[in-house]
Amino acid sequence: MKCVSCLDDFGTRDTIRAPCHHSYCRACFRRLVAAACQHEQQWPPKCCLDAIPEVTILEGLADADADVERRRDEEDRDVEEDDTTEELLRTWRARCAEWSLPAAERVYCGWEHCGLWCRPEDVSAARGEARCPADHETCLICRGRRHEGSQCPQDRDLLRTNELAEEEGWQRCYGCGAYVEHREACQQ
0 MKCVSCLDDF
10 GTRDTIRAPC
20 HHSYCRACFR
30 RLVAAACQHE
40 QQWPPKCCLD
50 AIPEVTILEG
60 LADADADVER
70 RRDEEDRDVE
80 EDDTTEELLR
90 TWRARCAEWS
100 LPAAERVYCG
110 WEHCGLWCRP
120 EDVSAARGEA
130 RCPADHETCL
140 ICRGRRHEGS
150 QCPQDRDLLR
160 TNELAEEEGW
170 QRCYGCGAYV
180 EHREACQQ
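Note that numbering that gives the first Met the number 0 numbers the sequence shown so that position 79 is 78, with each residue one more than the last.
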């Protein structure tokens, strides 16, 4: 069978068939998946605009490392691969999880030079923060670094509450920090 990417001939066992019936050698298929993992615009891996099913991707990556070595030996040419299959599978699974969420629901690390995606299980709406795999904390309101204390300076609702508290003369409890309204004189 002819690989639609490199146009070399391969045995049926050495090719992966896409839903559109095009065939790829394992090395080219691996590069197709790797390219899709690099840019969301190319996600998911596809051929002829048809998404390639997960089972086909797993099958296609299963023996990719062995195929690369075979091609290096047989053809004595440089077949470069940036990642091991295990790393590519890990990246592919991470992209599946990340890019299956709508963009508005994703949280990325707010630390400069990080920007890693924070998995949903590492996002706490109750605390208003998210933690990335590098253990940085991100504020869910402004999407920057988590702030000392628990208040984001860009929290519009909190700013309005603070303005109202000032207008109404509310004070903060010394113990818990919650706003309290003094209604009567102390009886003690």
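Bear in mind the hints are in silico, worked out from the structure with no lab data behind them.
All C-beta atoms in this analysis are idealised placements derived from N, C-alpha and C, irrespective of residue type, glycine included.
Among these hints, one or two may not hold up.
DEER-style ranges, computed between Cβ atoms [as the list claims (entries may be wrong)]:
no. : residue 1 : residue 2 : range
1   : Gln41     : Gln150    : 52 to 62 Å
2   : Ala61     : Tyr107    : 27 to 37 Å
3   : Glu111    : Glu167    : 37 to 47 Å
4   : Glu58     : Ala34     : 11 to 21 Å
5   : Thr160    : Gln37     : 40 to 50 Å
6   : Ala50     : Thr83     : 17 to 27 Å
7   : Ser123    : Pro101    : 13 to 23 Å
8   : Gln150    : Gly114    : 39 to 49 Å
9   : Glu85     : Gln170    : 27 to 37 Å
10  : Leu57     : Asp134    : 25 to 35 Å
11  : Glu53     : Tyr107    : 16 to 26 Å
12  : Glu53     : Asp7      : 53 to 63 Å
Computed cross-link-like contacts, SDA-like style, restricted to lysine to any residue with a CA-CA straight-line distance of at most 25 Å [unchecked claim]:
no. : residue 1 : residue 2
13  : Lys45     : Trp91
14  : Lys45     : Cys2
15  : Lys45     : His20
16  : Lys45     : Trp116
17  : Lys45     : Arg16
18  : Lys45     : Ala96
19  : Lys1      : Glu39
Tested hints:
1. Here the CB-CB span from Gln41 to Gln150 is close to 40 Å, at odds with the stated 52 to 62 Å.
2. Evaluation of the 27 to 37 Å hint for Ala61 and Tyr107 yields a pass: the beta carbon distance comes to about 32 Å.
3. Roughly 39 Å separates the CB atoms of Glu111 and Glu167, a value that falls within the hinted 37 to 47 Å.
4. Checked against the hint of 11 to 21 Å, the pair Glu58 and Ala34 passes, with Cβ atoms roughly 18 Å apart.
5. Distance hint check for Thr160 and Gln37: the Cβ-Cβ separation is about 44 Å, which falls inside the suggested range of 40 to 50 Å.
6. In this structure the supplied range 17 to 27 Å holds for Ala50 paired with Thr83, their Cβ-Cβ distance being about 24 Å.
7. Between Ser123 and Pro101 the beta carbons are some 19 Å apart, a value that agrees with the proposed interval 13 to 23 Å.
8. Distance hint check: the CB atoms of Gln150 and Gly114 are about 24 Å apart, inconsistent with the given range 39 to 49 Å.
9. Between Glu85 and Gln170 the CB atoms are about 59 Å apart, so this pair departs from the stated range of 27 to 37 Å.
10. Distance hint for Leu57 and Asp134: a CB-CB separation of about 31 Å, consistent with the stated range 25 to 35 Å.
11. Remark: the range hint 16 to 26 Å for Glu53 to Tyr107 is upheld by a beta-carbon distance near 25 Å.
12. One distance hint, 53 to 63 Å for the beta-carbon pair Glu53 and Asp7, is violated here, with the actual separation near 26 Å.
13. Straight-line distance between C-alpha atoms of Lys45 and Trp91 comes to about 13 Å, which keeps the hinted pair within the 25 Å bound.
14. Annotation: proposed proximity of Lys45 to Cys2 holds, straight-line Cα distance about 15 Å (limit 25 Å).
15. Proximity of Lys45 to His20 is assessed by CA-CA distance (about 12 Å); at most 25 Å being required, the pair is judged to hold.
16. Using a Cα cut-off of 25 Å, the hinted pair Lys45 and Trp116 holds, with the two alpha carbons roughly 23 Å apart.
17. Restraint check for Lys45 and Arg16: the C-alpha separation of about 11 Å stays at or below 25 Å, so the hint holds.
18. Restraint check: the Cα-Cα separation between Lys45 and Ala96 comes to about 17 Å, which is no more than 25 Å; the hinted pair holds.
19. The suggested pairing of Lys1 with Glu39 is violated, with an alpha-carbon distance near 28 Å, which exceeds 25 Å.
Hint compliance for this structure: hints 1, 8, 9, 12 and 19 are not met, and every other hint is.
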